[in-house]
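**Q** With the hints as constraints, model all of the structure from the sequences given.
2 protein chains.
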Amino acid sequence: MSTDVVEARPSNIETAAQMDNILHLPSPSQTFNGEARGSVHHVEAVMERAHHGGGWLLSGIICINILTLGCALVSGSAFNSVAITAVHRQIFLIILLLLTMLWMLFYTVVTSKKDQAVLFKDSHAGPVWLRGGLLLFGFLSLLMDIFKIATYVGYLHCDSAVKVAFPVVQAVFLIVQTYFLWFHAKDCVQRHTNFTRCGLTLLISTNLVVWMAAVTEESIHQTEIPDLNVNISHKIYRASYGDIKCKCSHSVCDTFKDAFYYLYPFNIEYSLFASAIAYVMWKNIGRLVGDHSHQSVKFCPKDVRLGLVMGILLVVAGLVTFIVYEVDILTEDEKNRNKALLIHFVMNIVIASLMCLSTVIGCIMFRLDHREHVSEKNPTRSLDVGLLVGASMGQIIISYFTIVAAVATGARGYLNALNLTWAVLMVLQLGLQNYFIVEGLHREPFHVMQEAALHTNAHAFREHPEMSVVLETHKSRYSMTLSPETLSWKRRVLKEVCAFLLLANIILWIMPAFGARPQFDHPIEIKFYKFTMWAAIVNIGLPFGIFYRMHSVASLFEVYLIS
Amino acid sequence: MSTDVVEARPSNIETAAQMDNILHLPSPSQTFNGEARGSVHHVEAVMERAHHGGGWLLSGIICINILTLGCALVSGSAFNSVAITAVHRQIFLIILLLLTMLWMLFYTVVTSKKDQAVLFKDSHAGPVWLRGGLLLFGFLSLLMDIFKIATYVGYLHCDSAVKVAFPVVQAVFLIVQTYFLWFHAKDCVQRHTNFTRCGLTLLISTNLVVWMAAVTEESIHQTEIPDLNVNISHKIYRASYGDIKCKCSHSVCDTFKDAFYYLYPFNIEYSLFASAIAYVMWKNIGRLVGDHSHQSVKFCPKDVRLGLVMGILLVVAGLVTFIVYEVDILTEDEKNRNKALLIHFVMNIVIASLMCLSTVIGCIMFRLDHREHVSEKNPTRSLDVGLLVGASMGQIIISYFTIVAAVATGARGYLNALNLTWAVLMVLQLGLQNYFIVEGLHREPFHVMQEAALHTNAHAFREHPEMSVVLETHKSRYSMTLSPETLSWKRRVLKEVCAFLLLANIILWIMPAFGARPQFDHPIEIKFYKFTMWAAIVNIGLPFGIFYRMHSVASLFEVYLIS
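Protein chains in written order, with my numbering: chain P, 1 to 563; chain H, 1 to 563.
These are calculated hints, taken from the structure and not from any lab test.
Remember, it's a predicted structure, so these values are computed and weren't measured experimentally.
For glycine and all other residues, C-beta sits at the position ideal for the given N, C-alpha and C.
A couple of the hints might just be wrong.
[As the list claims (entries may be wrong)] Result set (DSS-like, lysine-lysine): computed pairs, CA atoms no more than 25 Å apart in a straight line:
| # | chain 1 | residue 1 | chain 2 | residue 2 |
| --- | --- | --- | --- | --- |
| 1 | P | Lys113 | P | Lys186 |
| 2 | H | Lys527 | H | Lys335 |
| 3 | P | Lys186 | P | Lys283 |
| 4 | P | Lys335 | P | Lys527 |
| 5 | H | Lys113 | H | Lys283 |
| 6 | H | Lys530 | P | Lys530 |
| 7 | H | Lys247 | H | Lys163 |
| 8 | H | Lys527 | P | Lys530 |
| 9 | H | Lys121 | H | Lys283 |
| 10 | P | Lys283 | H | Lys283 |
| 11 | H | Lys530 | P | Lys527 |
| 12 | P | Lys283 | P | Lys113 |
[Stated by the list, open to error] Now the in silico label distances, taken between C-beta atoms and shown as ranges:
| # | chain 1 | residue 1 | chain 2 | residue 2 | range |
| --- | --- | --- | --- | --- | --- |
| 13 | P | Lys339 | H | Val168 | 46 to 56 Å |
| 14 | P | Ser382 | H | Trp182 | 30 to 40 Å |
| 15 | H | Val128 | P | Ile361 | 47 to 57 Å |
| 16 | P | Glu326 | H | Leu105 | 49 to 59 Å |
| 17 | P | Ala165 | H | Trp182 | 58 to 68 Å |
| 18 | H | Leu143 | P | Gly410 | 53 to 63 Å |
| 19 | H | Phe106 | P | Ser382 | 30 to 40 Å |
| 20 | P | Lys530 | H | Arg412 | 28 to 38 Å |
| 21 | P | Lys530 | H | Cys158 | 27 to 37 Å |
| 22 | P | Val320 | H | Leu98 | 47 to 57 Å |
| 23 | H | Leu105 | P | Ser382 | 31 to 41 Å |
[What the hints assert, rightly or not] Which stretches of chain P does chain H cover? Using the computed rule of at least three CB atoms under 8 Å from a CB of chain H, they are:
| # | segment |
| --- | --- |
| 24 | 57 to 64 |
| 25 | 400 to 406 |
| 26 | 425 to 437 |
**A** Dropping the structure here:
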């Protein structure tokens, strides 16, 4: 142990970050002023990692290279059918998948042998909704791969064997990766940091390349319909793909093909989820986390009556209209389809308006309630906020493109007007909700605050006598605002708002996740932007939008607990 | 003054960041343990800013909204010529430009009145190369606008007046913005932080929307050539634009039109530069910077003979081949054009190989030279590194797309083989150079280190007795490596490498910045990806590549001084 200390030098760009983490360990005063033992332990930990510099840089370079090469290959195979085919792209993907699996196996073996490798676990990383979503989407992706294998086996006599090999490898990869991420999402790796960094960026870039490939394939599949006529029968529209030259050797081919194209969106979601988890792991490498005891706030649904009831009503109403929409939109009758769109648009407008209203109430509550902002640094939370705001971009982009198309064509007809209203409300709702969630997450939890208020002041007073004037005033202000009578109704309203928004986000998640695509059923944007471009925008934007809804639900639950 | 203190509460998400900044002020020990006065001053400064929370969130939301709306409008006007025309886009841009100018005027007036508004200046922000580049590109953009005005005045009788109004407003904007950024680039705003944040994001998004519009216009202009035949006469290719229906009323129209299309790339660069400076300003809002005395390291060119001589030779050779290329590529003779391409490719390969070689030597020197990494947090430097790596993506993407196209078509013929080699070497060179610069920037300056080494150790020893073992060893190690004899040759080699790379980057900047476009003169990628897509890739990627080269020159100069 002691030789380690002597060998190490603190010459590392990360040292600053490390020191930062140490400063935020559970009891900094103890560590730095008190017991020398704890201090030595931490200094040693920092120095241990001193050898490994520049690993993040190397891993970043690897990530950039794989991503760009993948991007070029995917674009090449999409826009040029002669020189680069899907087979080339799939060979590249198979190599990436195999390499990533190798690394994951290596990591699992190493961490299972040495107990030292993973000393710290970040309790905030890999929350249950993210891992649960990964499991769900992973299962559906596996199903997609099985259908793919079954389909392409029928084409083996006239098509490349790679088309069967790829889903086989991907199926194995899905199982290995889901296992890996499920058990290691919370790891804060302390040994082999450089190698782990590179491995994780390999994992991230593999998933992103798979994502790019899936998005492109899905877009091309949708545009394959020859000479898209918007009035075309919907049943034909959804079943008109299939290779003309090469005939399938078994009879259930078309059913499988139909099925696996429906499962594509889940595979796209899966790749995004896996990348997000791996990115958090990458950020956590070398981090020293204290044992933040998990907030043991209980969830009492009886606290919130109005929000819960309203939310459940909204979910039920949303589900009913969603089913009506899905049934009616498949009919060939133009009138029926317009009725389905009308119901869908009206329902979404109602949901978005109610959400905007309740979010505004929530923001006003935050203004009235002068609670402390959390000053402690929390990398996972900043990352969470970044992912949330980033993912919301998907829906915002779709909405703005709709707005421009609707305004430019004059928004004639009630359907176009409703579509425009929906898009505007959606942008408003996303902005407000982002603000509400970010503000809420940065508040000091209520119960912690009550206890801490006096303690902190006393502590600060002892250390910095010159702050006494400020803090005394501060304290008296607190005692004033903290009286239970004044606060309770504000907290109650906040909780109601959170519960309502949470349920509303669930229904907004269900509708696109299970197949509602008014973006393609309503012709205005397709006509305006041409089909290829609009399909690309929706196929890139919508999965992020779905991710955003799930993420919002989790964040709102956290805000609910804090309030 | 005292009432201010009493009113303020430290309830702010920024507080952590503020405290962080305070911790890195020149003499933390003095501030916290010593004179109470200085401490009160800082505490007050932190609390003053306590009122303004969530401003960064609001400004972010504004930025996202403007950018997405701009993106939708630009795409709409590019791909749909009926409902949304260039006129609509220009009206939107005029509104944005006017709003941004209003804010800049407001800011200038406020800061000139109250001396309090800008207490701190970040000496690292807005370096002279960035502001110099801004001035140069601003001047050329102004010229472009004048040519545009002259051109579109001739079309006034049959085209919209907005086409004249837009360049007029843009010309005024260019002057106001260049003035604003030149004098305020280093500001760390302390008052009106929320409003300034929003204003700056308005500035950033305006510039980015202008950038998007310019990139799209340039791409469309290049694809306007009807039925692009690669063997088409080059003179015709470069002069075949012009509206057919609406005839210009004066005779010099075509000359002006020719001229202003040549100036487009400079306008694209200008927008990128302005966004980068504004982004740094946005990051610096509310930051408390200490008076880091500027490193007074002298630049002695006589330290580096070999690197300088080699570099100058390279620049001269590059300039000669560049001129030959520019002359020959405009001839109609296929053979001459191929000769020009051959010379250009060979020259670029030679430059890239030499750069790779010298960067590898530099990296080895870093490995041998066990100097301290800077542990101090420096937001401007992290930002610098981010911009550098981000900008390199532009060239990397172009190179990878070339690689895929060349490999897929078999790289037949010597020109294709050379093109492929160049692209591979370029990716390698960019990766190595990024690594070299980032490593170099994070090293402790040599002269500082020598003085500081003993002092730091003594200081640390006094405060944390338990670290003595570690640091004693550390110290002895230092005294060993620091002996002037061993270091001098390593430092010398590092300086030679920096000087050579610096000059090589200058020639790699000059060639694309002043019009070399082998990407369009050599047919392989155009054939492979179709013209529209390739034009979009090059027009987005190349300006970033040019920005990267200028940024590299500045960073390498810094690394040279540190070494």
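**Q** Look at each hint and say if it fits the structure.
**A** Hint-by-hint comparison with the structure:
| no. | hint | verdict |
| --- | --- | --- |
| 1 | Lys113(P) - Lys186(P) | holds, 18 Å |
| 2 | Lys527(H) - Lys335(H) | holds, 20 Å |
| 3 | Lys186(P) - Lys283(P) | holds, 11 Å |
| 4 | Lys335(P) - Lys527(P) | holds, 20 Å |
| 5 | Lys113(H) - Lys283(H) | holds, 23 Å |
| 6 | Lys530(H) - Lys530(P) | holds, 18 Å |
| 7 | Lys247(H) - Lys163(H) | holds, 15 Å |
| 8 | Lys527(H) - Lys530(P) | holds, 23 Å |
| 9 | Lys121(H) - Lys283(H) | holds, 13 Å |
| 10 | Lys283(P) - Lys283(H) | holds, 21 Å |
| 11 | Lys530(H) - Lys527(P) | holds, 23 Å |
| 12 | Lys283(P) - Lys113(P) | holds, 23 Å |
| 13 | Lys339(P) - Val168(H): 46 to 56 Å | holds, 51 Å |
| 14 | Ser382(P) - Trp182(H): 30 to 40 Å | holds, 33 Å |
| 15 | Val128(H) - Ile361(P): 47 to 57 Å | holds, 51 Å |
| 16 | Glu326(P) - Leu105(H): 49 to 59 Å | holds, 55 Å |
| 17 | Ala165(P) - Trp182(H): 58 to 68 Å | holds, 60 Å |
| 18 | Leu143(H) - Gly410(P): 53 to 63 Å | violated, 39 Å |
| 19 | Phe106(H) - Ser382(P): 30 to 40 Å | holds, 31 Å |
| 20 | Lys530(P) - Arg412(H): 28 to 38 Å | holds, 35 Å |
| 21 | Lys530(P) - Cys158(H): 27 to 37 Å | holds, 28 Å |
| 22 | Val320(P) - Leu98(H): 47 to 57 Å | holds, 49 Å |
| 23 | Leu105(H) - Ser382(P): 31 to 41 Å | holds, 35 Å |
| 24 | 57 to 64 | holds (count 5) |
| 25 | 400 to 406 | holds (count 5) |
| 26 | 425 to 437 | holds (count 4) |
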